[in-house]
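Residue numbers (my numbering), protein chains in the order written: chain A, 1 to 83; chain P, 1001 to 1201.
These are calculated hints, taken from the structure and not from any lab test. Please note that the accuracy of each hint is not assured.
[Said to hold, decoys possible] For lysine-lysine, the following DSSO-like pairs were computed, each having C-alpha atoms within a straight-line distance of at most 30 angstroms:
(1) A:K72 - P:K1127
(2) P:K1184 - P:K1002
(3) P:K1002 - P:K1131
(4) A:K72 - P:K1024
(5) P:K1002 - A:K72
(6) P:K1184 - A:K7
(7) P:K1131 - P:K1061
(8) P:K1024 - P:K1184
(9) A:K45 - P:K1131
(10) A:K72 - P:K1061
(11) P:K1160 - A:K7
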Amino acid sequence: MSQSLAKQCNELKERYDTCFLKWYSEKYLRGIGTADNNECSTLFKEYSSCLQEALKERGIDRLLEDAREDNKENDAAFLGRKK
Amino acid sequence: MKVFSNTETFDYSWEEVSTANWRKYCPWNDKSTHVVAVDTVSRTVDPATGILRTERLITCKQSAPDWLKSVMGGCMADESHVFETSYVDPATRTVTMVSANLTWSNLINVEETVVYRPLNEHQTQFKQEAKITALCGGWQRIKNNIEDSLVKRFRENAIKGKEGFEAVLEMSRRVFAEEREREKMSTIRAQASHIRMAHAS
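Next up, chain A with everything else stripped away, as it sits in the complex:
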């Protein structure tokens, strides 16, 4: 797996990534994993809280906010809404 930009999150990231990959290939692609709330949710929350703190420290959180705003058109196009 790839590294996290914050070293202290690497272990949590690894655990989540491993869980996600298994869920994706064994459940999601077979049409049985459509819920957000799955076996990886808790692992994601743990990794995410570590990551969010690191992003805030580096000031990247604000850059992400802007990028997300700029990406709204793509969401509309690729999530199949607003046709």
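For chain A, the structure is supplied; the task is to place chain P on it using the hints.
Chain P in isolation, oriented as in the chain A frame:
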């Protein structure tokens, strides 16, 4: 604005490619070493469409060309960030990834779109398009230089990217096969012990 586009075919099923894509930048890929970190920022499944939407932050370490550094007054950090949003649509078997640069975004605008679609049950098409626009005021010649150097960078990274991803696909296939083999063996062992127990009783 300049456009870079590229199409490749991978001799793997869409399911294999879309799975391996999540670990494209892992140690198995020794070609795309400019990507030093990949973090998942958010991930949701749309309940209406089943589309998996993921936001990732990609951290790159690739030094800028010296002439660009001199134009910029040497204030360019070697570490840069890219924001990637991806959409997996299992109904149409399509992965669409849209990326934009977070670093130097007031100077350069790079928007890349990558689409993975099945060609048949054993082959997947990779389609990449990048739009590069230098935003800084000033001479057109400098803007052209900046855009050209980024197109060149894209072309170099595309070749390395294909080679690196091929390595990841090969390793993924091997690891999945081994995992299936292990599962099969443990099922056989379990069945054997059931039979032994049945005989004993």
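Here's how the hints hold up against the structure:
no.	hint	in the structure
1	A:K72 - P:K1127	22 angstroms, holds
2	P:K1184 - P:K1002	52 angstroms, violated
3	P:K1002 - P:K1131	6 angstroms, holds
4	A:K72 - P:K1024	26 angstroms, holds
5	P:K1002 - A:K72	23 angstroms, holds
6	P:K1184 - A:K7	37 angstroms, violated
7	P:K1131 - P:K1061	21 angstroms, holds
8	P:K1024 - P:K1184	28 angstroms, holds
9	A:K45 - P:K1131	34 angstroms, violated
10	A:K72 - P:K1061	28 angstroms, holds
11	P:K1160 - A:K7	26 angstroms, holds
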